[in-house]
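Trainee: Chains as they are written, first to last, in our numbering: chain A, 1 to 288; chain B, 1001 to 1273.
Calculated from the structure, these hints are not laboratory results.
Just so you know, even glycine gets a beta-carbon here, dropped at the ideal spot from N, CA and C.
Please note that a few of the clues may not be correct.
To be verified - Label-pair ranges, simulated between beta-carbon atoms: (1) A/L29 with B/H1191: 51 to 57 Å; (2) A/G35 with B/G1017: 41 to 47 Å; (3) B/G1017 with A/G18: 28 to 34 Å; (4) B/K1123 with A/R26: 54 to 60 Å; (5) A/V273 with B/F1148: 36 to 42 Å; (6) B/K1123 with A/P50: 56 to 62 Å; (7) B/S1045 with A/M287: 26 to 32 Å; (8) A/T62 with B/G1017: 54 to 60 Å; (9) B/H1191 with A/V273: 53 to 59 Å; (10) B/D1003 with A/Y226: 40 to 46 Å; (11) A/T32 with B/R1203: 58 to 64 Å; (12) A/G18 with B/E1139: 56 to 62 Å; (13) B/K1123 with A/I105: 54 to 60 Å; (14) A/L29 with B/S1045: 21 to 27 Å.
Unchecked claim - One side of the interface only, derived from the structure: several residues of chain B facing chain A at Cβ under 8 Å: (15) R1007; (16) R1087; (17) F1090; (18) P1093; (19) A1095; (20) L1098; (21) L1113; (22) L1118; (23) I1122; (24) K1123; (25) P1237.
What follows is the residue order along each chain.
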Amino acid sequence: MNSLKSRLPMPAAADGSGRFRDPAWRRRLSWTLLGLVLAWPLLVATQFKPWQLFDATSLDATLKFLATFLPPALQPGFLLEILKAAWITIAIATAGLSLALLLAIPLTLIATTRLSISRIGRARMNALPFVIRQCARWVLVILRSVPELVFALLFVRIVGLGPTAGVLALTLAYAGLAAKVFAEIIESNEGEAAEALLQNGAGRLQALLYGVLPGCATELVSYTVYRWECAIRGSVIMGMVGAGGLGQQLDTSMKMLNGGEVATILTVFVALVALADVLSARLRRTMA
Amino acid sequence: MNDSIYRLRQLCVRHAGSRPDTPCVLKDLDLDVARGEQIVIIGPSGAGKTTLLSALALAHQPDAGSFEAFGGRPWQLTSSERHALRRRIFLAPQAPPLPPRQRVVTAVLAGKLPQWSLWQAIKSLVYPRQAVLAYAALEVFNLGEKLFARVDRLSGGERQRVSLARLLVADAEVLLVDEPLSALDPRLARHTLARLQQEAARRGATLICSLHQIELAHAQFARIIGMRDGRLQFDCPRAEVTQAMLATLYAGTDEEAFGVEQPEVEIADARCR
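Pulled out of the complex, with its shape left as it was, chain B reads as follows (with noise of 0.2 Å):
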């Protein structure tokens, strides 16, 4: 069995439906991830993470640049084959995508949905068929209780651990995660970021997670990526990245912000692979 899950060259993202004139959003990108790794993308607002974990979700199609996964290369394929690969993943977005309206119990198997039949599907609405897998999904992050709630009845940070529980039940091989705490308070982060962790390493199962928290990246991470302005600044180790770097990373956003002059930034070229 291949080890390597994507392999990323020179690779140009754009806006949906942009022209072709218009700059990338991702640029130049080179990546290679293998299964079972655990990686955390780390960098300022609007620095393309967002993107990034789309694009390895298959749901945005790159425009330059060689883009492959599980060892193929799926803008290649056909729709269909492409959407079958696409069991394979499972992307969180940073909004949780849960319809207010909905029972946790159905939101959380919803995370089943690519492994059934239409048919299982329906019966599962008529009477929630793995209630117990919904469950231990939820016991992970401490919201066992909530089985039967609906969605709006939820706190922000409620919805973001079932959207979370919807990922475990999911048999998806790489779990990327877009921001998973940004609703939650320190302890409860750390708490759900380890329980996530401790889910995807269990099951073999490789993770991409962006995050905001860099102690918390930095503490829980083996493999950090840095980003900005589209670009990789550095993909290194936790050990080879340094404070220097960190601070060159988020230098001067504070500053572009709100306007003030800012000295120009020397970004030393910091890649480790």
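The shape of chain A in the complex, shown without the other chains (with noise of 0.2 Å):
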């Protein structure tokens, strides 16, 4: 510190001027002061009483439920049943995702901003140009607003119990999440290199290959991933509304107390996830 005052000439900071207060610093506070009063109506509305955790009968009762998880069942035929659910929620889930990136991908193109042409050197985009990408934002909205559970509800009455119901409302509710964030991740990734090509004549498209893609694959692949994994999640909750897959056997398992089949269930779960881990990071690594 005293190496530093001596090489470099310090001005008075003491003048009373105020020039080396941070000028961001009194928003920053106020901010942060109006989020924690904004959050306590929510915590009261939530009835958020995490002590009620840890009252005698409520910690009984789990233990109960807990100690029944042990040993988890192993029955030859039980484990057959639990493979076959295992292989229908990986299928409904790569099923309905793939529909949905075959959705969402045009929504993505058409909803970000960046592959713009007409904005170029301007303002503001045509009004045309400006109408459609508008569209596609809400139809982003609609397909998100609604849960997959509902998607799911609903489509169980059109096409009857079974998978289908379940890969089709992956497909609707996945496709909305997916183009929204895939519009955001090519949004923030620095956006130099598609802008230079399409100054210079290149087509949308184009700059999307040449420019957009090679910044941010890595992100875009990791997330379409990471929704596989959400999509095996998804599946098993509808699967408890008659959509098929583990979901379903989870569901009997529970009603009927079974605290061992229930504990196999999720070790399979938790190795799915964790498949969905490791292939996540092979992918970020060979594409670095």
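With the hints as a guide, bring the two chains together.
Mentor: In structure tokens form, the structure reads like this:
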């Protein structure tokens, strides 16, 4: 500190002018306080009382249920059934996500402003592209605002009980989620590369391939794998309303209070999520 | 064929998205550029050189005045007609706009995109379509051996020259280059600029280049434009640019930057045309 002082001529900081006060400080402070004040009614509304978890009766019930988890059910017949159900779950997740991507990719390209040509050099884009872009954004909002479980209940009525309902529900719900996040990944990446290509007369999709994807392909791929992981979880929840797979098994075992079976099924979940994690890490490493 | 490439009259350009009452970044700018000319723009930092280049590249809509390019008014065309015009112009920005994880061959061939169809562009990602062309362009700047290297393995100066190689593979009639030598050592800078000018002359392209190396600019370019505070201070053939004019162009800027009191500089109107 002293050596720095001797090397740099220091201005008189304490001249009372406040020249060295951080101008953003007051705003930062008030936003934090406002956030805390707004959080309070949220806690009240959600009846957030964590100590209830630890009172004697609920602790007793929890421990009793957890005790039935041991030993996990390992009968060969049950294991075979679980493997079949797990395979259906993977199939639902994969098929649902693939169909969702088919919808999400075009919607992403429409929604992102990065690839707008009419915007170049001007404050705003043309009216027609603007309207189309806004429509795409609204479609995404609507797709996202309906939970996949509601879609599943809807499709179970249309196509009947079974995996098809789950696949269709995942398609619609995840198209909205994926397209929004894809568009945001593209927009938060540095845009110079694509911008330069567009400015020099390249087309939108050319700029996407040569300017946007090289910069954010890794993020897009790892988000897609994460979505696959979510789709596994989602298909389990939808299985509980009759869309097939592990969820249906879990639902049955829970209703029969068969802790051993629940433990086995949960272990399979852990294995599937770990698989997605390993896959994502591998892909990121090869693409880096 | 019309030999006028640009005709600017009383041009005023503001920063994108700023309100109409803010002062212009480029003010009352008159400029004529003919086909095949080689022009250098010099001037202190913040003079508006980059904004002028991006206006010339149809990447920045002027707020007032008349702007003609290739004998027409591009900002009165539809967006897609204007975009078609952009294929005839190539702007190489100051910071090389190359994705770090791309290979050099792809980054250079991206200059060909305006001439390629989407299908050709996709095929070239699978297997480079004209690797020889990319190699030839890189060789102009002695970078041929980097053809299949990744951009993030290159030094700053190498990236800058890869960006210039991209400019050479593009079939543009107007080459706009923003400070192409900022990351190069003096010897390499001289060599690179000479090659760039040779290539532009060989294909009859118009070259407009902004530079901070005043000696090099003066030695290499027949027409010199001096900019300051968003105005053309002078626009002269090399022979008529005097040391006094250069001194005036940069006068006071170093003191200004360091907050030292300075005498009022009388800027002579040294406009040659």
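Trainee: Now, for every hint given, state plainly whether the structure supports it.
Mentor: Results for each hint:
The beta-carbon spacing between A/L29 and B/H1191, approximately 56 Å, falls within the hinted interval of 51 to 57 Å. Distance hint check: the CB atoms of A/G35 and B/G1017 are about 30 Å apart, inconsistent with the given range 41 to 47 Å. For the pair B/G1017 and A/G18, the beta carbons lie near 31 Å from each other, so the given range of 28 to 34 Å is met. At roughly 57 Å, the beta carbons of B/K1123 and A/R26 sit within the given window of 54 to 60 Å.
The hinted window of 36 to 42 Å between A/V273 and B/F1148 holds, with their beta carbons roughly 38 Å apart. The hint said 56 to 62 Å for the Cβ distance between B/K1123 and A/P50, and at roughly 59 Å that hint holds. At about 38 Å, the beta-carbon gap between B/S1045 and A/M287 misses the expected band of 26 to 32 Å. A hinted range of 54 to 60 Å for the beta carbons of A/T62 and B/G1017 is consistent with their spacing of about 57 Å.
For B/H1191 paired with A/V273, a C-beta distance near 57 Å keeps the hint of 53 to 59 Å intact. Look at B/D1003 against A/Y226: about 58 Å separates their beta carbons, and that is not inside 40 to 46 Å. Hint check: A/T32 to B/R1203, Cβ distance near 60 Å, so the stated range 58 to 64 Å holds. A hinted range of 56 to 62 Å for the beta carbons of A/G18 and B/E1139 is consistent with their spacing of about 59 Å.
B/K1123 and A/I105 have their C-beta atoms about 20 Å apart, which leaves the hinted 54 to 60 Å range violated. A/L29 and B/S1045 have their C-beta atoms about 36 Å apart, which leaves the hinted 21 to 27 Å range violated. Hint status for B/R1007 relative to chain A: violated, with the closest Cβ pair at about 18 Å, above 8 Å. Hint status for B/R1087 relative to chain A: holds, with the closest Cβ pair at about 4 Å, below 8 Å.
Below 8 Å, beta-carbon pairs count as interface contacts, and B/F1090 has one with chain A at about 5 Å; its hint therefore holds. A distance limit of 8 Å between C-beta atoms decides the matter here; for B/P1093 the minimum to chain A is near 6 Å, and the interface restraint holds. The interface hint given for B/A1095 is met, as the beta carbon of that residue sits about 7 Å from the closest beta carbon of chain A, less than 8 Å. Hint on B/L1098 holds. Least Cβ distance to chain A is approximately 6 Å, under the 8 Å limit.
Restraint check, B/L1113 versus chain A: the minimum CB separation of about 4 Å is within 8 Å; hint holds. Because the smallest distance between the Cβ of B/L1118 and any Cβ of chain A comes to about 5 Å, under 8 Å, the interface hint for this residue holds. Using the Cβ-Cβ criterion of 8 Å, the hint placing B/I1122 at the interface with chain A is satisfied: the shortest such distance is roughly 7 Å. Using the Cβ-Cβ criterion of 8 Å, the hint placing B/K1123 at the interface with chain A is not satisfied: the shortest such distance is roughly 11 Å.
With 8 Å as the threshold, the beta carbon of B/P1237 stays out of range of chain A, its nearest partner Cβ sitting at about 30 Å, so the hint is violated.
Taken one by one, the earlier hints fail for this structure at numbers 2, 7, 10, 13, 14, 15, 24, 25, listed in ascending order.
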